[in-house]
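A.B. asks: Starting from the known structure of chain Y, arrange chain W on it as the hints suggest.
Taken in sequence, the protein lines are chains Y and W.
No gaps in the numbering here: position 411 of the first sequence is 411 in this note's numbering, and each next residue is one more.
So this note's numbering is basically just the index in the second sequence, starting at one, shifted up by 481.
Since the hints were made in silico from the structure, they are not lab data.
Possibly wrong hints are sitting among the right ones.
Here are some chain W residues pointing at chain Y (derived, C-beta under 10 Å) [unchecked claim]: (1) Cys532; (2) Met534; (3) Ala537; (4) Val540; (5) Arg568; (6) Tyr573; (7) Gln578; (8) Tyr580; (9) Phe761; (10) Asp763; (11) Asp765.
Just so you know, these numbers come straight off a predicted model, no measurement behind them.
Just so it is clear, CB atoms sit at the ideal spot from N, CA and C, and this is done for glycine as well.
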Amino acid sequence: MTDFSTIDITEAKKLLSQKKITATELTEFFIKQIEEKKGLNCFITNTFDIALKMAKESDEKIQKGSDLGILEGIPIGMKDLFCTDGVKTTAGSKMLENFVPFYESTVSLNLWKNGAIMLGKTNMDEFAMGSANTTSFFGNVLNPIRSNDQKDLVPGGSSGGSAAAVASGQCFAATGSDTGGSIRQPASFCGLVGLKPTYGRCSRFGMVAFASSLDQAGPITKTVSDAALMLQSMCSYDEKDSTSSKKLIPNFSDYKKFDLKGKKIGLPNEYIIEGLNEEIKKKFDQCINIFKDCGSELIDITLPHTNYALPTYYIIAPAEASANLARYDGVRYGLRENSENLDDLYQTTRASGFGDEVKRRLIIGTYVLSAGYYDAYYLKALKVRQLISNDFKNAFEKCDLILTPTTPNVAFPIGEKQNDPLEMYLNDVLTVPASLAGLPAISVSAGNNNNNLPIGMQIIGRPFEEISVLAAGSVIELSKV
Amino acid sequence: MSFFIEGNTGKWEVVLGLEVHAQIKSNSKLFSTASTEWGGDPNTQVELVDCGMPGALPVINEFCVDQAILTGLSINAEINEKSIFDRKNYFYPDLPQGYQISQFEFPIVGNGFLMIQTEEGEKRIGITRLHLEQDAGKSIHDQDIKNTLIDLNRSGCALMEIVSEPDLRSPEEAALYVKKLRSILRCIGSCDGNMEKGNLRADVNVSVRKPDSEMGTRCEIKNVNSIKFIQQAIEYEAKRQVEIIESGKKIIQETRLFDPNKCETRSMRGKEESHDYRYFPDPDLPPLMISKEKIEELKRSLPELPDEKKTRFISEYSLTNYDAEVLTDDQYVSDFFEEVAKNRDSKLVVSWISVELFSYLKKNSIELSESKITPKKIAGLLDYIISGKISNRQAKELFEPYLKSNLEAKDFIEEMGVEQVSDEGEIEGLINRVLQENPKMVEDYKNGKDKLFGFFVGQVMKESKGKANPQVVNKILKDKLA
Numbered sequence: 001m002t003d004f005s006t007i008d009i010t011e012a013k014k015l016l017s018q019k020k021i022t023a024t025e026l027t028e029f030f031i032k033q034i035e036e037k038k039g040l041n042c043f044i045t046n047t048f049d050i051a052l053k054m055a056k057e058s059d060e061k062i063q064k065g066s067d068l069g070i071l072e073g074i075p076i077g078m079k080d081l082f083c084t085d086g087v088k089t090t091a092g093s094k095m096l097e098n099f100v101p102f103y104e105s106t107v108s109l110n111l112w113k114n115g116a117i118m119l120g121k122t123n124m125d126e127f128a129m130g131s132a133n134t135t136s137f138f139g140n141v142l143n144p145i146r147s148n149d150q151k152d153l154v155p156g157g158s159s160g161g162s163a164a165a166v167a168s169g170q171c172f173a174a175t176g177s178d179t180g181g182s183i184r185q186p187a188s189f190c191g192l193v194g195l196k197p198t199y200g201r202c203s204r205f206g207m208v209a210f211a212s213s214l215d216q217a218g219p220i221t222k223t224v225s226d227a228a229l230m231l232q233s234m235c236s237y238d239e240k241d242s243t244s245s246k247k248l249i250p251n252f253s254d255y256k257k258f259d260l261k262g263k264k265i266g267l268p269n270e271y272i273i274e275g276l277n278e279e280i281k282k283k284f285d286q287c288i289n290i291f292k293d294c295g296s297e298l299i300d301i302t303l304p305h306t307n308y309a310l311p312t313y314y315i316i317a318p319a320e321a322s323a324n325l326a327r328y329d330g331v332r333y334g335l336r337e338n339s340e341n342l343d344d345l346y347q348t349t350r351a352s353g354f355g356d357e358v359k360r361r362l363i364i365g366t367y368v369l370s371a372g373y374y375d376a377y378y379l380k381a382l383k384v385r386q387l388i389s390n391d392f393k394n395a396f397e398k399c400d401l402i403l404t405p406t407t408p409n410v411a412f413p414i415g416e417k418q419n420d421p422l423e424m425y426l427n428d429v430l431t432v433p434a435s436l437a438g439l440p441a442i443s444v445s446a447g448n449n450n451n452n453l454p455i456g457m458q459i460i461g462r463p464f465e466e467i468s469v470l471a472a473g474s475v476i477e478l479s480k481v
Numbered sequence: 482m483s484f485f486i487e488g489n490t491g492k493w494e495v496v497l498g499l500e501v502h503a504q505i506k507s508n509s510k511l512f513s514t515a516s517t518e519w520g521g522d523p524n525t526q527v528e529l530v531d532c533g534m535p536g537a538l539p540v541i542n543e544f545c546v547d548q549a550i551l552t553g554l555s556i557n558a559e560i561n562e563k564s565i566f567d568r569k570n571y572f573y574p575d576l577p578q579g580y581q582i583s584q585f586e587f588p589i590v591g592n593g594f595l596m597i598q599t600e601e602g603e604k605r606i607g608i609t610r611l612h613l614e615q616d617a618g619k620s621i622h623d624q625d626i627k628n629t630l631i632d633l634n635r636s637g638c639a640l641m642e643i644v645s646e647p648d649l650r651s652p653e654e655a656a657l658y659v660k661k662l663r664s665i666l667r668c669i670g671s672c673d674g675n676m677e678k679g680n681l682r683a684d685v686n687v688s689v690r691k692p693d694s695e696m697g698t699r700c701e702i703k704n705v706n707s708i709k710f711i712q713q714a715i716e717y718e719a720k721r722q723v724e725i726i727e728s729g730k731k732i733i734q735e736t737r738l739f740d741p742n743k744c745e746t747r748s749m750r751g752k753e754e755s756h757d758y759r760y761f762p763d764p765d766l767p768p769l770m771i772s773k774e775k776i777e778e779l780k781r782s783l784p785e786l787p788d789e790k791k792t793r794f795i796s797e798y799s800l801t802n803y804d805a806e807v808l809t810d811d812q813y814v815s816d817f818f819e820e821v822a823k824n825r826d827s828k829l830v831v832s833w834i835s836v837e838l839f840s841y842l843k844k845n846s847i848e849l850s851e852s853k854i855t856p857k858k859i860a861g862l863l864d865y866i867i868s869g870k871i872s873n874r875q876a877k878e879l880f881e882p883y884l885k886s887n888l889e890a891k892d893f894i895e896e897m898g899v900e901q902v903s904d905e906g907e908i909e910g911l912i913n914r915v916l917q918e919n920p921k922m923v924e925d926y927k928n929g930k931d932k933l934f935g936f937f938v939g940q941v942m943k944e945s946k947g948k949a950n951p952q953v954v955n956k957i958l959k960d961k962l963a
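If we strip away everything but chain Y, and leave its shape as in the complex, we get (with noise of 0.2 Å):
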């Protein structure tokens, strides 16, 4: 069997067209992947026979030529947060562990409709709060990538059994969702591309809903160019979401045709953080260098409230999610413990349904909203969150990009920063301020540090600018950094 673990979905396109390969070859190619690299568990279900289905329909489509889809006859993985029709969807929690939901979520049915074909569910943390995929009720996920010491290295999180499944190549490409940095920061841990569109860019319905105004789809790849077709085949303006978007929606491809000549990249001095690595730090002086050999012009900007974005996020996401997750009582769907009354069926449901960092967040949640406090927590945090955006409004009349590394540390051991839980926040402190203004952003591997471990940089964009943001990227994905 051919190797298709080391083409990205671009050549793979290709190689379809030319009808060198069949969707059902690549298909049985991952599923045997995935069955080899079981240990790693990135997916919590499998869902190999409608893959194959899926894929005798895209050969079809093929042979004849024609209602070609974007990703036609591409097998992908489906991070578990996304509703699919008659599949399991677990959200990574007990809670939902035999929930099948009857309808599709818009992100997921548009890829079926470009085309893509599912290989399976991904694993990811519980309700996708956590950093480093350790929290879910099916096991941690493995990161593939192992340092020159060989530990066990965490995926990273949310979104880490679609960044393992993609790096270990058991799938061309997966989709993640980011709330805090939960597509850029595991993509970064795996050497990927993570891209977060603009908030509104990707429909939220069907979407299991951890923090509303901050959750948003995007996809996990290889490459920039696939990133670029993921995110053609996800996105559309959904009625069903009045959150969604109703900007133009362009063809993300012409990132290529996209000069950075003269374009102005902003470097937030706020980011380079106390206990920033300083192997990264190497790294993003280098990626400066790689810009300024474009032509464009680095300037030094200021975001004065960077500091306040994590704390100011870790209000606004549990206290969203403590009403986002309140739907999982045990009466309708989902678990439900055997109980006396009312009361006891809610806490005895709810105690063995979700894990401890859920339940943290949720009291966190619940506390920041409460009579006496929401003042102080709650509206402070929307205040801040609002001159956060305003920071990135100002910054973006300056320069028309902003680079940053996307995390202060690469992947970490399993088994750690699992006792505190503020150390594991700090993982999302770069990535954060994009996630409350709602910015697209993307991480790029810009090559390994000693240890073998991948460094993710991050560009940010002004809203709706994912072309100039993938254009960014695949500058420092080309320079072999």
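C.D. replies: Only chain W this time, still in chain Y's reference frame:
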């Protein structure tokens, strides 16, 4: 007449504020396309949002927004160009999302008012706000021995919560306020106002105080679903509060329930047990923006409102304030009146509708709209009175059997043989006979016993079996006895 409660320590004034929940008359729910039809099989009218499925999202129903704006305009209120939907968080089995989408700090409609017609005259009742919110589902406790069953058909239906200022001072005023509000809602069609079906219900805030003193501590009586119950609940609750205060204790702010069987209110939960609803803006819904143009457009589409109609009735039909109020309370009644009053003496029509017809309806406990009585039916009878073919008194006697019959006025009157005789020759013959039979009386009359005139009229009427036109009888009799 002011309303006071006589306590041992003197008079107590009752202070009332109402929160009326009116279900918007709309084919689909506030945030989903599920049907709102009443009486469907349980859980057959439920979309993803209505049962709180993972990943379900609310999408505002523009029609419901329009209804709220129309209602706001018809209670003389400000329409807020920007309003916000909030989540009101609490756990309950018939609340599938674990929160109700409502409006808290920024409602769609701000300050307004409506006028009620009390015995002392018109009174202005302030309205604090109107906001949009989702209804909850229904918990059914009496169908299964061990379990509570949930019906989500009502879950997500659109409600308008209309909050009054504490301007009401008696159970009667509260009743008038609800009636007026209901007639407005029905007139513009934003709510059926059917309290039995629960699409109009009220939370009543009651407190008592000595006249002209500070506001007392209030209790809220939840979910009262008829005007009669609202009055009963207020009467009971106000007396209860007076007794507590006069016995030296304090009113505890709490939520209470009205039990219509025992006609009393009972504590549901105290302030300390009250929910912390943790309201916050719903991130699934952008702020609701309403353009000035939209408001103007809706304003132009408003039908004639009850108060406007009342003013018109007073000037056009020369009605009293009271009659006009009674006739414009209900759209069906006012249309009925106008149909009958067309080219007829409006005073006669009013008295027949608001007195005779209404007492007939009351006696038979039916609404005019539910009865099969048509304007044509009433008009037919009135035309006989107007033309003098039957007397007013005859008509009154015939009224009930006439309404119950399926006959038109002409056929009914013929069948009953009651048509009034106005033929002067025929009446003169009768008079002659009566005068001949009573020579003594005629003599006495001529000698000054004026009162005997009535006797002669009575005799003539008796001779005619009541059919003689009294006016004609009077005229001829006067000539004869002159």
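A.B. asks: Hints first: check each against the structure and report whether it holds.
C.D. replies: Hint by hint, here is what the structure shows:
For W/Cys532, the shortest C-beta to C-beta distance to chain Y is roughly 6 Å, which falls under 10 Å, so the interface hint holds. Against a cut-off of 10 Å between C-beta atoms, the interface hint on W/Met534 holds, since the closest Cβ of chain Y lies about 7 Å away. Proximity of W/Ala537 to chain Y holds as hinted, the smallest CB-CB distance being about 8 Å (cut-off 10 Å). Look at W/Val540: its Cβ gets to within about 5 Å of chain Y, closer than 10 Å, so that hint holds up.
For W/Arg568, the interface hint holds, since its Cβ comes within 10 Å of a Cβ in chain Y; the closest pair sits about 5 Å apart. The criterion of a C-beta within 10 Å of any C-beta in chain Y is met by W/Tyr573, whose closest approach is roughly 9 Å, and the hint holds. Because the smallest distance between the Cβ of W/Gln578 and any Cβ of chain Y comes to about 5 Å, under 10 Å, the interface hint for this residue holds. Using the Cβ-Cβ criterion of 10 Å, the hint placing W/Tyr580 at the interface with chain Y is satisfied: the shortest such distance is roughly 5 Å.
Because the beta carbon of W/Phe761 sits about 6 Å from the nearest beta carbon in chain Y, less than 10 Å, this interface hint is met. Taken as an interface hint, W/Asp763 checks out: its beta carbon lies about 8 Å from the nearest beta carbon of chain Y, inside 10 Å. With its C-beta approaching chain Y no nearer than about 5 Å, W/Asp765 sits inside the 10 Å limit, and its interface hint holds.
In terms of the numbered hints stated before, the structure departs from none.
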